[in-house]
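*Asks:* Counting along the sequence shown from 1, when you hit position 169 you're at 229 in this note's numbering, and nothing is skipped either side.
One or more of the hints may lead you astray.
Unchecked claim - For lysine to aspartate or glutamate, the following DMTMM-like pairs were computed, each having C-alpha atoms within a straight-line distance of at most 25 Å:
(1) Lys280 - Asp300
(2) Lys136 - Asp300
(3) Lys365 - Glu454
(4) Lys136 - Glu100
(5) Lys97 - Asp85
(6) Lys377 - Asp437
Bear in mind the hints are in silico, worked out from the structure with no lab data behind them.
Remember, it's a predicted structure, so these values are computed and weren't measured experimentally.
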Amino acid sequence: MKIAVVGTGYVGLVSGACFSEMGHDVICVDVDADKIKALEAGRIPIFEPGLEELVKTNVTQGRLSFTTSLQRAVEKSLVILIAVGTPSQQDGTADLKYVMAVAKSIGEHMNGYRIIVDKSTVPVGTAAKVRHTVQAELDRRKADCQFDVVSNPEFLKEGSAIDDFLHPDRVVIGCDDVRTTVLMKELYGSFARDARPILTMSTRSAEMTKYAANAMLAAKISFINEIANICEKVGADVDDVRNGIGADSRIGYQFIYPGIGYGGSCFPKDVKALIHTALEVKCPSRLLDAIDGVNERQKHSLLDKMRTYYRDQLQGKRFALWGLSFKPETDDVREAPALVMITELLDAGATICAYDPKAAHETQRAVGARDGLTYADNYYDALHNADALIVATEWSFFRNPDFDRMRTSMAVPVIFDGRNIYPPVLMRHYGFDYFSIGREPVLAYSSARP
61 MKIAVVGTGY
71 VGLVSGACFS
81 EMGHDVICVD
91 VDADKIKALE
101 AGRIPIFEPG
111 LEELVKTNVT
121 QGRLSFTTSL
131 QRAVEKSLVI
141 LIAVGTPSQQ
151 DGTADLKYVM
161 AVAKSIGEHM
171 NGYRIIVDKS
181 TVPVGTAAKV
191 RHTVQAELDR
201 RKADCQFDVV
211 SNPEFLKEGS
221 AIDDFLHPDR
231 VVIGCDDVRT
241 TVLMKELYGS
251 FARDARPILT
261 MSTRSAEMTK
271 YAANAMLAAK
281 ISFINEIANI
291 CEKVGADVDD
301 VRNGIGADSR
311 IGYQFIYPGI
321 GYGGSCFPKD
331 VKALIHTALE
341 VKCPSRLLDA
351 IDGVNERQKH
361 SLLDKMRTYY
371 RDQLQGKRFA
381 LWGLSFKPET
391 DDVREAPALV
401 MITELLDAGA
411 TICAYDPKAA
421 HETQRAVGAR
431 DGLTYADNYY
441 DALHNADALI
451 VATEWSFFRN
461 PDFDRMRTSM
471 AVPVIFDGRN
481 IYPPVLMRHY
491 GFDYFSIGRE
501 PVLAYSSARP
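Using the sequences plus the hints, can you model the full thing?
*Replies:* Spelled out as structure tokens, the structure:
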């Protein structure tokens, strides 16, 4: 099929690359001319494992191209995917101005039957708004073009998005037209093999499915973090508790890793948007409010431990910070817990030397230039003369460092671990004071001092 993907952000670029990999001809569109030039030159604006190679391969083979001309893409394509941002507004609602601007432009340039696909995460009822906007432009032009609007939410995990797209757990197609449903099933036929279902439903149900899925996953994270906080108070070990409940097939182990809260472009935004949707229809959700509230508090959990340990005397302390992205294998720092800690520690008069293998540049863009914040080229370099190490992201190579080298480099052997990547018994062996989530602290260094 001829496909246009409007928006070359995370969802748009992954979708375009994967559809072209399956043999479809794809045009990716973006209003940012510099981004398009970079993509044409083979430079990828985001980090996602495997994406750069996939884009280069399909550009070379002529199946994937980039343009700033939405008109050209609309005129040449049967299927048009809207994959632009829907950022949160101050009240928590999803901002649909970019989606509606694209819908208007599609209506301006359509020259025949088109399938318009909402790939962006949007509130329930957005497909109807897109349909109205496109039809209004067609009426203004007095153009007799048929079209259908489909809700086709993505379920991609940053860090494994290529595999998620090529081998989905399921494909959700929200559509009210039989002919269009058949075409959409044909489009996804190459992906939904090996008994992976293609689920068809109404556009409203598909829109709700995306929000419900992300809210459910966020709920599991907030739940285990609440349990971890209780474990600390009652003397239980959250790792043991996690194993005890995860072995139950009804619960499972996924998304019940305690830590310092979720971040990224999806969970925080989508939970807030669903809260607002519930309020709009006079069905307020105390559960969704709690999921969001627990997560916001959890981002401060390590800071609370640090204030207690240093008796609120953070001024002049030097911290090494390992990890900036909200999760490993991405450079995305949106809503990342590390940014919360950076802001509060700097405001308290501390200094930070941070390291992340992919997200330092994005952090600099998000935080800006701030006194007391520097970046290291190597994670061991960040430790030089540090009063403590903070682990904010569980990059795999952080898990097995040279602890003797760490102790030699640090001014004081103290670790605040927001991802529980080190066994407390190991920390005791190497003589660290060690604080994690949902487990008893280790005070091997403090107890050994005269």
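*Asks:* Checked against the structure, which of the hints given earlier come out wrong?
*Replies:* 2
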